[in-house]
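Here the protein sequences line up with chains A and B, keeping their order. Positions 1 to 112 (the numbering used here) are the ones given, in order, by the first sequence. Positions 1001 to 1114 (the numbering used here) are the ones given, in order, by the second sequence.
The set of hints was computed from the structure by calculation and includes no laboratory data. Please note that a few of the clues may not be correct.
Said to hold, decoys possible - Subject to a maximum C-alpha distance of 25 Å in a straight line, what follows is the list of computed SDA-like cross-link-like pairs (lysine to any residue): (1) LYS70/A / ASN84/A; (2) LYS13/A / LEU1040/B; (3) LYS1057/B / THR102/A; (4) LYS1068/B / GLY100/A; (5) LYS13/A / VAL52/A; (6) LYS1071/B / LYS3/A; (7) LYS3/A / GLU97/A; (8) LYS1037/B / THR15/A; (9) LYS57/A / LEU1095/B; (10) LYS3/A / LYS70/A; (11) LYS1057/B / ASN1003/B; (12) LYS71/A / THR15/A; (13) LYS3/A / GLN1006/B; (14) LYS1037/B / GLY58/A.
Keep in mind it's a predicted model, so treat the numbers as computed, not measured.
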Amino acid sequence: DVKVTQSSRYLVKRTGEKVFLECVQDMDHENMFWYRQDPGLGLRLIYFSYDVKMKEKGDIPEGYSVSREKKERFSLILESASTNQTSMYLCASSLREGVGYTFGSGTRLTVV
Amino acid sequence: GENVEQHPSTLSVQEGDSAVIKCTYSDSASNYFPWYKQELGKRPQLIIDIRSNVGEKKDQRIAVTLNKTAKHFSLHITETQPEDSAVYFCAATRLGWTGNQFYFGTGTSLTVIP
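Next comes chain A alone, as it looks inside the complex (with noise of 0.2 Å):
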């Protein structure tokens, strides 16, 4: 039943380390999302796609980028980890209009 799947459930990597995030959705939504999610922060939007190999930024992409290959998944990848940006990532997925909107059970990334 599970229609949004990012790869990893807990991650831990070095400091420096280049760091791929990804997600899957089977439900042929064009748009999709990545998020963090910090304590008091909320989700807050890094990068977003509404079709192959299209990306917006988000609210906070420094230090992120995201690529867009095929129509069912979007990647997320930290250039070069920081311990700033140990937190946990939710994907999400929707339809063109928005309808339809679905996270992704999310990865918590532990950088050391």
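Go by the hints and put chain B onto chain A.
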């Protein structure tokens, strides 16, 4: 862009009492207002939503009200139960626009005390 504010950030109620969470938004073009519940360690899940052409919507113990003039909407939970304990997020967006994004409030941590 849109700005969504949510209050309170934490809320404790006795089991059986009602809980109310309020959100305000800034963009009068927003026309869809969902509420998500996130239990500990789980993904946020949609529990109820309302569109701008409706003033109130109810689903069993949960209701949402919308005041377009004042640009605020509220979640009401009646006869609260311990399983209602979770973090609740409100959001606002413009459905029907390519590339639209959801704007989330900062969340309310609800604790229902047995």
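So if I understand the rule, the pair passes when the alpha-carbon distance is 25 Å or less; does LYS3/A with GLU97/A pass?
18 Å, holds
Measure nothing beyond the straight line between the CA atoms of LYS13/A and LEU1040/B; if it is 25 Å or shorter, mark the hint as holding.
23 Å, holds
Please work out if LYS13/A and VAL52/A have their alpha carbons no farther apart than 25 Å.
28 Å, violated
Pair hint LYS1071/B and LYS3/A, alpha-carbon separation not exceeding 25 Å:
This hinted pair is violated, its Cα atoms lying about 33 Å apart.
Proposed proximity, GLY100/A with LYS1068/B (alpha carbon, max 25 Å)
Holds, at about 23 Å.
Under the criterion that the straight-line Cα-Cα distance not exceed 25 Å, is the pair LYS3/A, LYS70/A satisfied?
With Cα atoms ~16 Å apart, LYS3/A and LYS70/A stay inside 25 Å; holds.
Is the hinted pair LYS71/A and THR15/A satisfied, with a Cα-Cα distance of at most 25 Å?
Answer violated: LYS71/A to THR15/A is near 31 Å, above 25 Å.
Hinted pair LYS1037/B and THR15/A, Cα distance within 25 Å
33 Å, violated
Restraint status (C-alpha distance of LYS70/A to ASN84/A at most 25 Å):
Not OK: LYS70/A and ASN84/A at ~30 Å, beyond 25 Å, violated.
Hint consistency between LYS1057/B and THR102/A [alpha-carbon to alpha-carbon, up to 25 Å]:
21 Å, holds
Is the Cα-Cα distance between LYS57/A and LEU1095/B 25 Å or less?
19 Å, holds
Given the hinted pair LYS1037/B and GLY58/A, is their Cα-Cα distance within 25 Å?
Holds: LYS1037/B and GLY58/A sit about 23 Å apart, inside 25 Å.
Consistency note: the structure conflicts with the earlier hints numbered 1, 5, 6, 8, 12, 13.
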